[in-house]
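Asker: Assembly of the complex is requested from the two constituent chains, each provided in isolation within its own frame, with the hints serving as guidance.
Chains A and B, in that order, give the protein sequences. For what it's worth, our numbering labels the leading residue of the first sequence as 1, then goes sequentially. For what it's worth, our numbering labels the leading residue of the second sequence as 1, then goes sequentially.
Read the hints as simulated data drawn from the structure, not as lab findings. The beta carbon of each residue, even a glycine, is placed where N, CA and C say it ideally should be. Any given hint might turn out to be false.
Calculated lysine-lysine pairs in the BS3-like style (CA-CA distance at most 27 angstroms, straight line) [what the hints assert, rightly or not]: (1) B:K8 - B:K42; (2) B:K24 - A:K195; (3) A:K120 - B:K24; (4) A:K120 - B:K8; (5) A:K92 - B:K8; (6) A:K120 - A:K92; (7) B:K24 - B:K42; (8) B:K8 - B:K85; (9) B:K42 - B:K85; (10) A:K195 - A:K25; (11) B:K24 - B:K8.
Pairwise CB distance ranges, derived in the manner of DEER restraints [claimed, not checked]: (12) A:P134 - B:A82: 30 to 40 angstroms; (13) B:A38 - A:N64: 42 to 52 angstroms; (14) B:K85 - A:Y75: 42 to 52 angstroms; (15) B:L41 - A:R97: 41 to 51 angstroms; (16) A:R97 - B:P89: 45 to 55 angstroms; (17) A:D223 - B:L41: 36 to 46 angstroms; (18) B:N37 - A:E118: 28 to 38 angstroms.
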Amino acid sequence: MPLVFAGIGSHAPGIVNRAERVEEKRREAYYAAYRRMGQAIRDARADALIVIAAEHFANFFMNNMPAFAMGMADYYEGPIEDEAWMRIARRKIPGNRDLSQRLIARVMDETDVAYSEEWKFDHGIMVPLYFLTPGFDFPVIPANINCQGPPLTPLHRAWAFGRALRHAADAVPERIAVVGTGGISHWPATPNSGKINEAWDRDFLARWQKNDKAALLSYTDTDTYRDAGQGGFEIRTFIAVAGATEGCTGELWFYAPIPIFAVGCTVAVMRLAQS
Amino acid sequence: MSLYYLQKLLYNLNRDPALQARFKADRPSVLADYDLNAEELKALTDPDVGLLYVLGVNGQLLMHYAALVGQSWDEYIAAMRAGVKQYGPVRAGIYAMVED
Chain A
1 MPLVFAGIGS HAPGIVNRAE RVEEKRREAY YAAYRRMGQA IRDARADALI
51 VIAAEHFANF FMNNMPAFAM GMADYYEGPI EDEAWMRIAR RKIPGNRDLS
101 QRLIARVMDE TDVAYSEEWK FDHGIMVPLY FLTPGFDFPV IPANINCQGP
151 PLTPLHRAWA FGRALRHAAD AVPERIAVVG TGGISHWPAT PNSGKINEAW
201 DRDFLARWQK NDKAALLSYT DTDTYRDAGQ GGFEIRTFIA VAGATEGCTG
251 ELWFYAPIPI FAVGCTVAVM RLAQS
Chain B
1 MSLYYLQKLL YNLNRDPALQ ARFKADRPSV LADYDLNAEE LKALTDPDVG
51 LLYVLGVNGQ LLMHYAALVG QSWDEYIAAM RAGVKQYGPV RAGIYAMVED
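Isolated chain B (complex conformation) (with noise of 0.2 angstroms):
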């Protein structure tokens, strides 16, 4: 369980431009520095916005990740909809506080 560090990095990267430009050119090395599961490696690198959103990040820190890999509000919206239609509901964090 490491939705923590998880969203450490995305929290990091909204605040850093330098980080961001480091992400951009050589994404391994940036996420080499946070203790991350497989399952969010994936998520990070392929990038799969639906799958952070059932990992459990904040969409106040994913929105912006979403923009940084290049998605318009509107796919983003649609991201975390397929998302949740294929992997399930959010499994942790605020959005898993009760079911919808």
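Next up, chain A with everything else stripped away, as it sits in the complex (with noise of 0.2 angstroms):
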């Protein structure tokens, strides 16, 4: 089926265990703007949800680096943090290892990826579920981009696994949704924690939302790092989630700034044609 839904949201540990450090109505008005995509991912009556992450060394380390993996299982565990630090409890999450290696099988047709049958979730994909299918019982492919260990995944890569990523769902019978999570500028888990660029961070954004695809893969690591910090190198997964809808245009559902969180914090979507 043509791919049912596609969207982009922030994920950070203070998101959810440093909740009560914001003011409640500037939270909810965030949380519930996630909360709405995961009623749109449901609307769209999915399948399954392939979350495009940025894993920080959960599963992953420069031992064994891929640029690009996806899970194969039939269920995931998360978080991989302390429960009470996270402040999610450690729980099983549905996957669907069929239909992941039928995806999988179809995205090395265009682009070399990796896959796991096991894989622990880390806040970067437990955040956005926490708010998107707070359940936890809706079935998730994990997908990662290495944006942590340099070298990096370049950006037109990103963008070639979106759009690999796509002809897949497209491929497949089921209803495929996809998130891609990440920051914008960020400078996470550093003394620079809270420091965001919200100029950069508008801008990228106008970019996504008119899925212009040479101005998104026009940034440079220097220049990324020198403007949006380390954790700007996760806008590989934006870019990927433009490449899997090339041709459509996104809208902006929430952005602000919200520096005990440590990242802006953004929900947008795509724009599909009907299906």
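Answerer: What follows is the structure, encoded as structure tokens:
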């Protein structure tokens, strides 16, 4: 089936585990936008959700770092973080091994991708799911782009990976939703935690909403690091969603820099043709 | 230069509750399994989260180690700031990519 939903959202532990440090009205406005995206995924009658994440050394390390990886299991586990710290109880999250295998086989026609029959979700996936599928009962297929350990996956390859995912989703009978999760500018878990370059974020989101491929792929890592911190490298996940929705334009549902969450808090969706 | 093994230890610790328990009970026996220099061993043993940051440990690993050794979020951020003040700029890894 043609892809039934595509969107992007931020992740950060602080969104959940430092919630009380943000005024209720402000944080609830963000959470509501995230929940609205969850409802949109259900309204699209999706059978499975591909989460394109920027994993943070939960499963992949520099002993064997893939540029791209996808999960291929009937269930996953998360959060990998301490439950009390993360404020999300550890649990199993359903997957769909058979569907993963068919998608991965099709993605491999265009992009080399590693696969894994086990995957421990960190906050990069658990925080979005906390809002999108609060029961953690919806089948998820994790995908990872290396945004952490240089040499990083090139932006144009992230785009191509998204396009390959789109072709794979189109080729299976199931209804597939895709959500990219990352940050835009942020300096997570460093002394600069809380720094957010709002102007840079809004410029990136304008490029994303226009789905302007050339503009999205024109960033260099040196510039991104300077303007958007090491967290800015996670634009790869948002670019992959743009690659999955080439020709579509997007809609920003929420953006606000919330320093104690350590990220520009974003929810945006691409307008897909009705299916 | 053993930043790789320093981070590998933290990666393994973050993933494995049994290793965390062993580390709390008998830190030297866990550290002996990794190729670490004296400064890295000291930073892990003290523990000196600020020095670990300056040595180049990625925050996505370090924030969990800070939690493991009992630091609150604010204490963790303060420890990194103190580390930079005491030991100078980050020496290796992704945060040393360009001058801030």
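Asker: Hint by hint, note whether the structure agrees.
Answerer: Right, here's what the structure says about each hint:
{"no.": "1", "hint": "B:K8 - B:K42", "in the structure": "17 angstroms, holds"}
{"no.": "2", "hint": "B:K24 - A:K195", "in the structure": "33 angstroms, violated"}
{"no.": "3", "hint": "A:K120 - B:K24", "in the structure": "23 angstroms, holds"}
{"no.": "4", "hint": "A:K120 - B:K8", "in the structure": "17 angstroms, holds"}
{"no.": "5", "hint": "A:K92 - B:K8", "in the structure": "26 angstroms, holds"}
{"no.": "6", "hint": "A:K120 - A:K92", "in the structure": "9 angstroms, holds"}
{"no.": "7", "hint": "B:K24 - B:K42", "in the structure": "16 angstroms, holds"}
{"no.": "8", "hint": "B:K8 - B:K85", "in the structure": "26 angstroms, holds"}
{"no.": "9", "hint": "B:K42 - B:K85", "in the structure": "18 angstroms, holds"}
{"no.": "10", "hint": "A:K195 - A:K25", "in the structure": "22 angstroms, holds"}
{"no.": "11", "hint": "B:K24 - B:K8", "in the structure": "17 angstroms, holds"}
{"no.": "12", "hint": "A:P134 - B:A82: 30 to 40 angstroms", "in the structure": "39 angstroms, holds"}
{"no.": "13", "hint": "B:A38 - A:N64: 42 to 52 angstroms", "in the structure": "29 angstroms, violated"}
{"no.": "14", "hint": "B:K85 - A:Y75: 42 to 52 angstroms", "in the structure": "46 angstroms, holds"}
{"no.": "15", "hint": "B:L41 - A:R97: 41 to 51 angstroms", "in the structure": "43 angstroms, holds"}
{"no.": "16", "hint": "A:R97 - B:P89: 45 to 55 angstroms", "in the structure": "46 angstroms, holds"}
{"no.": "17", "hint": "A:D223 - B:L41: 36 to 46 angstroms", "in the structure": "37 angstroms, holds"}
{"no.": "18", "hint": "B:N37 - A:E118: 28 to 38 angstroms", "in the structure": "33 angstroms, holds"}
In terms of the numbered hints stated before, the structure departs from hints 2 and 13, listed from lowest to highest.
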